[in-house]
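Asks: Letter by letter, the chains look like this.
There are 4 protein chains.
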Amino acid sequence: MSAPFFGDASPITYQGPDSRDPLAYRWYDKNRVVLGKRMEDHLRFAACYWHSFCWPGGDPFGGETFLRPWMHMPDAMAAAHAKADAAFEMFRLLDIPFFTFHDLDAAPEGATLAESVDNLKVITDLFQQKMADTGTRLLWGTANLFSHRRYMAGAATNPDPEVFVYAAGQVRAALEATHALGGANYVLWGGREGYETLLNTDLKRELDQLGRFLSLVAEHKHKIGFKGPLLIEPKPREPTKHQYDFDVATVYGFLERYDLLADVKVNIEQNHAILAGHSFQHEVALAYALGVFGSLDMNRGDGLLGWDTDQFPNDIGEMTLVFHEILKNGGLGTGGLNFDAKIRRQSIDPVDLLHGHAGGMDACARALLNAAAMLEDRAIEAPLASRYAGWDSAEARAILAGDVSLATLADRALERGAGPQPTSGGQERLENIVSRYA
Amino acid sequence: MSAPFFGDASPITYQGPDSRDPLAYRWYDKNRVVLGKRMEDHLRFAACYWHSFCWPGGDPFGGETFLRPWMHMPDAMAAAHAKADAAFEMFRLLDIPFFTFHDLDAAPEGATLAESVDNLKVITDLFQQKMADTGTRLLWGTANLFSHRRYMAGAATNPDPEVFVYAAGQVRAALEATHALGGANYVLWGGREGYETLLNTDLKRELDQLGRFLSLVAEHKHKIGFKGPLLIEPKPREPTKHQYDFDVATVYGFLERYDLLADVKVNIEQNHAILAGHSFQHEVALAYALGVFGSLDMNRGDGLLGWDTDQFPNDIGEMTLVFHEILKNGGLGTGGLNFDAKIRRQSIDPVDLLHGHAGGMDACARALLNAAAMLEDRAIEAPLASRYAGWDSAEARAILAGDVSLATLADRALERGAGPQPTSGGQERLENIVSRYA
Amino acid sequence: MSAPFFGDASPITYQGPDSRDPLAYRWYDKNRVVLGKRMEDHLRFAACYWHSFCWPGGDPFGGETFLRPWMHMPDAMAAAHAKADAAFEMFRLLDIPFFTFHDLDAAPEGATLAESVDNLKVITDLFQQKMADTGTRLLWGTANLFSHRRYMAGAATNPDPEVFVYAAGQVRAALEATHALGGANYVLWGGREGYETLLNTDLKRELDQLGRFLSLVAEHKHKIGFKGPLLIEPKPREPTKHQYDFDVATVYGFLERYDLLADVKVNIEQNHAILAGHSFQHEVALAYALGVFGSLDMNRGDGLLGWDTDQFPNDIGEMTLVFHEILKNGGLGTGGLNFDAKIRRQSIDPVDLLHGHAGGMDACARALLNAAAMLEDRAIEAPLASRYAGWDSAEARAILAGDVSLATLADRALERGAGPQPTSGGQERLENIVSRYA
Amino acid sequence: MSAPFFGDASPITYQGPDSRDPLAYRWYDKNRVVLGKRMEDHLRFAACYWHSFCWPGGDPFGGETFLRPWMHMPDAMAAAHAKADAAFEMFRLLDIPFFTFHDLDAAPEGATLAESVDNLKVITDLFQQKMADTGTRLLWGTANLFSHRRYMAGAATNPDPEVFVYAAGQVRAALEATHALGGANYVLWGGREGYETLLNTDLKRELDQLGRFLSLVAEHKHKIGFKGPLLIEPKPREPTKHQYDFDVATVYGFLERYDLLADVKVNIEQNHAILAGHSFQHEVALAYALGVFGSLDMNRGDGLLGWDTDQFPNDIGEMTLVFHEILKNGGLGTGGLNFDAKIRRQSIDPVDLLHGHAGGMDACARALLNAAAMLEDRAIEAPLASRYAGWDSAEARAILAGDVSLATLADRALERGAGPQPTSGGQERLENIVSRYA
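Chains as they are written, first to last, in the numbering used here: chain A, 950 to 1387; chain B, 950 to 1387; chain C, 950 to 1387; chain D, 950 to 1387.
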C-alpha cells in the first residue's frame, strides 16, 4: 500500500484569530452559533474533485506540474481508488462536510458508454462506503459533457442528434449516482453549450435543443424521486466564445421561455460573474430577486485577467456583501459553498491543497460573521428602507398595483409644477459603514 | 436671418464606386433594387438630433469645441428654431429619409413640466411643417429621462415616487408628439434605470417599478391608437454602473417577467453590444431568435475602450454579417438604421457631420449588397443546413417534440456502443467564404 | 457674507476603532508613531481642488447635480474666493496636511493668457495667506492643458506649434505659482497628450515634441531653483484613445529616451493602473524597481467599468500590499497621497465630501498599520529571501555579474544531466499570511 | 510507408479574384510586382510548426480532437520524422517560402539535456535536407522554455539559478540550429518570464536576470557569426498574470535599460497587441518610431475574449493600416509574416489547415495591395503632412532643436494674446478615405 498522499498532516482545527499556525482555522469554528444556526450549517462547504484531484497542473502553455501518483498508474480503476483515498483524506483533514464531482472525475471513461457507466457504479459504491465511514455528504454530482472530442461542438446543442443521445446516457447515470449518494442537488453547467462562431451555428435551434434536454432531465428527476433542484451555472464564455448560460439574467429568461423555473435554479460563481461584467454580489442579489438562487461556486477570478482563474476566495470585503445577501434572503437552502477553486500551477506540494481550502474556508467564515453583525445592526437595511419610504404611501402603492393610468400620473405631474428635489445617494457614507464591518 | 449652417454645401448624391468625390455616395443608390426592394426601403436610415445638434463636443475632461450658433443664443425657443433649420438642412443634404429625437433635444426644458410640454408642442408643429415640406419622416421619438438632476437616481426606478410621476408626464407628452408626427416606433432607452451601488439599491423593487412603468406606457399607446412598437435599448453600463437593460437576453427575460412581449421590442446598438461582451451579430441574431427584434442604432464602438464612443460605422465585415441576419429574417420591419453616432470632438467643421453620415450610409449600403449576394448564393445557409441535417430525421424530431424520455434515450446510447464521431466545424473555410463577399 | 459651506460641521478627530461616529477617524491618529515616524508624515495626505470644488457633478449623460454656490456667481473672481473659502474650510475640518490644484481650478481663465496669469497671481496670494493661517501645505500644483478647446488635439503634442507655445506660457505660470507656495512637487499629467486616431497622427514627431516640452520645464525648474521633482502621471487612455504616458513602464522608456530620468518621476494612480491592465501594487513596485517612484494619486476604480471612476479608496487588502511596497522602499519621499477622488454624482450634500475623504484617510491609515506589522514580522520578506537564496552563491552571482558566457553555462547544463526540480511557489500559503494582516 | 497526411490535395495556386475555388489564392500572386518588389518578397510568409503540427486540439476544458497520426506513435523520433513529412508537405501545398519552429516542436525532449540536443541535431539535419529539396527557408527558430515543469516559475527569471543555466543550454543549441539552417532571425518570446503573484516575486531582481540572459545570447550570437537580430515578442499576460515583455513600449524601456537596442528587436502579434490594450497598428507604428521593429506574428485575436485565440487573420481593414505602416517604413527587413495562428479546435480535418493558411495569406495580399495604393496616392500621407505643416517653420524647428527656453516661449504666448484657434481633426473624412481602399 502506498504512502498517504498528505503524509503525516494533522487535521485542521479552529484555534482562534490570534493563532499563527498557518494550518489552523482562525475564524471557522463549525459549532459556533451565528444568528441561531451553526456555522457549518450556514456555510455548507464542499470540496470539489476535479480541480484538486484530476487537474494535473497544465495550462495552454505547459503540461503537468503536480505529478500526482494516481495520474501515472497503468490501471485506471486502481488509480480511481487511489484518487478517492487522497480525496477523502483531504475531506477529513479539512473537516469539510460536503464534496462534489463529475462522473469522469470519479471513474474512468470506458471504451463504450456501458463501460463508463459500470465504472461509475463501482466508484459510487466506494463513495457510499467512504461517506458512511467519514460522514462526508454529497452537495451535488454532475456529468462531464465537454472534455471528450465527441462534445467538441456541444452536448445538448450539438448539430448531431447522436451526441444529444449520448449525453442523455451519461446524465441519467450521473443523476442516478447522485441520487444514490443522497446528493442535495444535481448540476448541469454549460460546458460547451454555446458557439465558437455564428457562421456555423443555428442559434434558435440550439436553444430549443437545450431547453428540451433540461426538460428531459427534470422529468427524469421527478420519475426517480430525486428531490433536490437542478442547477445551471451561468458563465459568459470559455470554453466557447459564447456560452448560452451567459449570466443569471440570461438563464432566467431561458428558464421562463422553456418553462423550467419550477425545477431549475442557478449555481453562481464569482469568477463567472466578473467575466460577464457583473459583481458577485449583483449575481447573487439578482438570483434571489428573481427566485432562482440555488448554490454558490466559491472562488475568485482576477479582474485583470480575461479567463477563469478559479482561485481560492480571499476578498473579505466582497464576500461580506455576498453573505449579507444570503443571510437577508434566508440562507443557502439546499445549496452550499463549493470550492470550485484550484491551487496555482506552481503550488505543487500536497499541503498547498490544504492551504488553499483552509484559507478559503476561513475567509468565508469571517465574511459570514461580518455580514451577520451588519444584518443584526440593520446597518444597510435601515438606510435602505428609509430611502424608499416614499413608495410606502397609499398613492405610491396604487401606482405599483396598476390602479392608476399614465394619463392620470401625467396630469398629476403637470399640477405639481416644478419636479421633485433629489436627495443624496450617500454612497460614501454607506461604504464607510460597510468598512466598519468588513 | 443667419447664414445657412452648412454654407453652400451641395446635396450628396450617388456617383458610383469609382468616384473620388469625398462627399458622394459610392454604394448608397437609394432606388437600386436589391432582393426585390429599394435600397432606401431596406435601410430606412435615420439621423439623430442629439449627437449632431445638441452635443457641444464636451467630454469628461473638457468643454465645448463645436461652438454651434444655436448653443449661444439667449432665447431658447429661437435657438430651437435655428437648430431645427440646421437639422433639416442636413437631412436634405444627405437625402436621409428619417430622423429621431428626444423631447429635450427638440424643445427647451421649461421651469415647470407644463412649460416643457408647451415648448415641445411648438416644436412639434414646426417639425410637422418641415416634414411636410421635405418628406423627412420620424423613425422614433423618445423622452430624455436622464439629464436633469431630478433623474440622477433613475426615472421609473427612482426611490422617490414623485420622480416616477414626473417621468410619466414627460413620456405622455413625448409619446403623443411622436404619434402626432407619425413616428414608426417609440423608444424608451434605459437612461439611468440601473444603479451605482447595491448598497443603496433595492433591486427587486426597482425592477417591479420599471415593469409597471412600461406597462403604463404600453396601455397608453393602445389608448391613443399608436401602432408602432415600444423599443427598449439594451446597454450594460454607462451612465450607471449597472443598467437594468443589460443586453438582449436580459431584456427578453424582463419582458417575459412583466408580460410585455407583445408590445415591446429591442433597439440594438453595436457599441452597447460589445460593451456587454457580445458581437453585434450575436445581439441581432438573438433578438430575431427570441422574437424581439425592433430596430438598430447604427454606430460602432472601439473594442479597446470601455465606454460608448458612438462612432459612425465603417466595419464592412461586421456589418455584412449583421445585414445577413436582417435579410434572412425578413428585414427591419417598422425599425430602421438610426445613426446614434457622433462625429469626434475634434471634428469641429459642419461639413464633418456630412462626412460622418455619408460614410456611415455608404458602409451600410455596401454591407447590404454583400449580404444580399451571400444570401442569394446560400453561401452560409447551405453549409448550415447540411450541418444540422441529422436533426431532420424522424427519430431526432421526436426527441425535440418531447415524445421520448431521458431513459429511452439513455438506453439507446448504451446500445449504440462507442459514441458518435465528430465532424469538422469548418470555421476557417466559412470565414474565407465570407471574406469573398465582404 | 454667505453661510459656511459645511454649515456647523465639526472637525473630524481620531476616536479609535470602536467609534460608531460616522465622521470620526477610527484608524488615522496623526501623531501615532509607526516604524519610527508619525502617521501624518508617513501618509502626507492631500485633498485636491478639482474634483471636490470644480466638478459640478456632470457626466456624459447629464449635467450638474451639486449646485455649489460659487458655480452660480456672476463674478468669476468672487466665485474663486468663495471656492477657496470652502476648500480651506474642508482642509481644516479634515485636518489634512496638504492640497493640490490646477491653475484653472484656482483662478478663472481670462480672455488672454495674460489675464489668466494675473488671475492666478491674485489667487496664489490668497492661498499663501490661507496656508499661513491654517498650516496647510501644497503637495503639488499643475496646469490644466486639456479642458479648453485649443488643447483638443493636445498641448505639447499638438500639430500646431502655437498651442505648444501657449502651453509653455501656462506651465511657466503654474510652476512659478507652485514654487511660490512652497509646493513639494510639480505635476504634468498626460491630459490630451495622445491621439484619437493614428490616421491623423505622426507618432514619432509627437513623442519628440513631448520630450522637448518636458526638457524645457525641467530646465526652467532648475533656473528658478525649484527643488521638487516633476511628476508625470501614467494613464493608458481617456480622454484620448491612447495616452502617451500609458503606464509606468512606458513612461520609464520615454524618460530614458529623452534623458529625463534625473528630473522626472511618476505619480501613480490606482484607477489608471487597472485601466492599463496592471494591479496598483505592480505599478508601485515597478516604479520603485526602476527608480522613478514619485507620488500617489489615491483613489480606486471599478474593475468592471472601463473608465476612470475616481472613487475614494477603501480596499484595505489592495492598499496593504501597496503600503508594504512603500514602507519597504523607504517611504513616499517628497510625494504624498493625493485624493484624486470624487464623491459620486448623487452625493450632493456637502457633508458627503467629508464622508469620502474621512473614509479614504481611515482606509489608508489602516492599511499602513497592516503593512507595518507585516514588514516588522518579515512575513513576506523572509519567504522571498529564501526563495531566491540560490542566487546568493558565488557561482550564481558570477552569472549576473556578466563573468560567465552562454557557452560555459550551456556546457554546465549538459554536464548536470536531468534539469533541476522545481519547488512550490506557495501562493496560497502566502495569501493566507497576508490575510492575517489585512 | 503511411498515407500522405493531406491525401491527394493539390497545391494552392493563384487564380484571381473571381475564383470560386475554396482552395485557391484570389489575391496572393507571388510574382506580382507591387511598388517595385515581388509580393512574395514583400510578405515573407512563414508557417509555424507548433500550432499546426504539435497542438492536439486541446483546451483547458477538453483534450485532443485532432488525432494526428504522429501524436500516437510509440517511437518519438519516428513521430518527429512523420511530423516533418506532414509539415513540409503543407509548406509545398501552400507554396509558402518560410517556416518557424521551437526546438521541442521539431525534436522530442530527451531524459537529459544532452539527449534533447542530440535529438535536435538529427532533426536539424533532416530539415536541412528537406529545405534543400523544397526551397523552404527558415524565418526564425526559438527554444521552448515554458512547457516543461522545470520552467513553471520562469526560465531566465527563475528563482533557481539552475533553471537559468539549463535554459542557457537549450538556447545555445536552438540558436546554433537556427544558424545552421540559415535562419533570418532568432526569437526569444517571453514564455513564463513574468509572475503569478508579487507575493513571491522580486521584480527588480528578475528584470536584471532577464537582462543578463539576453546579453548572454547577444554575445553568443556575435561569437558564432549569426547575423540576424534577436527578437522579443511583446505580450501582456498569459501564461503568467504579468509578462515582463508587456508591450512594445515596455520592451523598448527594457532594451534601453540593459543596453540591448543594437541586438534586439520586437516580433509583434495582433492578438498580443489587443490583449495589452493597443491596436495592432499602434504597436507596429510605435516599433518603427522607436527603431525596434523586427517581424510580425500574423494572427488575430477576438476583441471580446480575454485570452490568446491565435486565429488566422482576416480583418482587411485593420491589416491595410498595418501594411501601410510597413510600406511607409521600408518593409519588413529580415522579418516576415509568421502565421502564429491555429485552426479552431473543431477544425479537425487536415484540409482545414490549408483553408486557414490560404485565407490568411490571401487576406495579407489584399491588404498589401490596398496599402500600396493608399501610399502611392499619398491618401493619408498628404493630409498628415499638411496637418503638421506649422512645425516646418524656422521658429517651430528652433523649439524642437532645443534653442529656445520655456521663458522665451512663455513670453511669446503672453504677447500673442488670445490663444490659437483649433482646426478640425477630420477623422471621419480620413476614415472614409481609408474605406475607399480597404
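Worth flagging that the hints you see were computed from the coordinates, not collected in a lab. Fair warning: this is a prediction, and the values are worked out from it, not measured in the lab. Glycine is no exception: its CB is placed at the ideal position from the N, C-alpha and C atoms. Certain hints may be false.
To be verified - Footprint (simulated), chain D over chain B, 3 or more residues, beta carbon under 8 Å: (1) 1108-1118; (2) 1300-1307.
Claimed, not checked - Beyond 10 Å from chain C on every Cβ pair, some chain B residues (computed): (3) P966; (4) W1019; (5) M1022.
Said to hold, decoys possible - In silico PhoX-like cross-links for lysine-lysine, where the CA-CA straight-line distance does not exceed 20 Å: (6) C:K1277 <-> D:K1176; (7) B:K1277 <-> A:K1277; (8) C:K1190 <-> C:K1153; (9) D:K986 <-> D:K1277; (10) B:K1153 <-> A:K1153.
Asks: The structure should be examined with respect to each hint, and the outcome stated for every one.
Replies: For each hint, the structure was consulted:
no.: 1; hint: 1108-1118; result: violated (count 0)
no.: 2; hint: 1300-1307; result: holds (count 4)
no.: 3; hint: P966; result: holds (22 Å)
no.: 4; hint: W1019; result: holds (17 Å)
no.: 5; hint: M1022; result: holds (18 Å)
no.: 6; hint: C:K1277 <-> D:K1176; result: violated (44 Å)
no.: 7; hint: B:K1277 <-> A:K1277; result: violated (48 Å)
no.: 8; hint: C:K1190 <-> C:K1153; result: holds (17 Å)
no.: 9; hint: D:K986 <-> D:K1277; result: holds (14 Å)
no.: 10; hint: B:K1153 <-> A:K1153; result: violated (29 Å)
In summary, the numbered hints that this structure violates are 1, 6, 7 and 10.
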